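Engineer: Below, each chain spelled out in residue letters.
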Amino acid sequence: MPAAPAPARQPRPFQPQPWRDRRIEIILGNLLRTGALISAAVVLLGACIAGVIQSALNGRGRGRGQGLIQLGLLLLIATPIARVAFSVVGFAIERDRLYVAFTLIVLAILLYSLLGSGLGV
Amino acid sequence: MPLLTIFFHVDIRYAIGASLVSVIATSSGAAASYVKEGFSNIRIGMFLEIATTTGALLGAFLATRIPTSALAILFGAVLLYSAFLSRKPRTQAQRSLPPDPLATRLRLNGSFPDLEGSRSYNVQRVPTGFSLMFGAGALSGLLGIGSGAVKVLAMDQAMQIPFKVSTTTSNFMIGVTAAASAGVYLSRGYVDPGLSMPVMLGVLAGSLLGSRVLVKAETKSLRLVFSVVILVLGLQMLYQGIWGNV
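Quick mapping for you: the protein sequence lines, in order, are chains A and B.
Take 1 as the starting number for the first sequence in my numbering and just add one per residue.
Take 1 as the starting number for the second sequence in my numbering and just add one per residue.
For the record, the hints were derived by calculation from the structure and aren't laboratory data.
If you anchor each label on the Cβ, the simulated ranges turn out as follows:
| id | chain 1 | residue 1 | chain 2 | residue 2 | range |
| --- | --- | --- | --- | --- | --- |
| 1 | B | Arg105 | A | Ala82 | 28 to 36 Å |
| 2 | B | Ser120 | A | Arg23 | 15 to 23 Å |
| 3 | A | Leu115 | B | Pro99 | 35 to 43 Å |
In this text, all values refer to a predicted model and were calculated from it rather than measured experimentally.
Glycine included, every Cβ here is placed at the ideal spot set by N, Cα and C.
Let the hints inform the model, and build the full structure from the sequences given.
Structural biologist: Okay, structure coming up:
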């Protein structure tokens, strides 16, 4: 046997680590809910601005309110994408290369949908 | 989406856009409570999402090229079929199958909290489940649904994953699938702020409440509610698609 192979290169069978798994899942779950609540707040604020200013100033503030609503909707769509992005980190911490690869594929598809499809077709 | 077109007579493509928003809000809003109960299986979800997001992209691109009445008829048919499938009982023997080698290599098997502590499960028929998920994703992109029903069926019936694990994992998955579809609809201008805003806020409030109920509810009554709802929606959509109200 050679003396000391680098620890990272040692073939190690995958050991499920329920504790770590759970912790990452809980963090991600809270991330999702927080993201959804923040985007809801932005949308609600936008709706209030659109409604209130529209009636007060005869529609001059409507654009700004609509813009905020759209920002909130974009934030909402970004929430699951952020979740996938953080899962990459989670699987990397667990050294689960297979799932890092799977998650990166999903992330690439999501980014293509949001950015690529608007430009491409 | 079906409720929007049925009760408010909104143009179906804008309804799809708003519906996708509501699907994401449901999924994200409920995620935290599900995760705390330890039901969802993040590996199953992520692996199958490769299929659902690819399908969703395809479906969303197709949606702009298909007549709306065809969309409605397809939607009704999908709902009726899933209502039918979800009523099929499952025998006890299937629950103790040996692990599938592919599922083991993909590390999909897991366990979840039950009344008697922790119950482990072995995932079956991975390729079938994966293909069904591609179909579920395509339907989601085409129709703006989370296709949670189809996803639960793929996991529940084909892959033999326990019902509570499949529902919660599917809840996590539909948000990601819907985000893939929503990207396409957003860039085409089908996500209308005025329509999506009330839908999103209402649905978010509902999902925060609903996820508290599911944790306590019994599997049997869950299945019943689930199939009655999709049966009614399916009949409505078929009726509207055929008689041209969409």
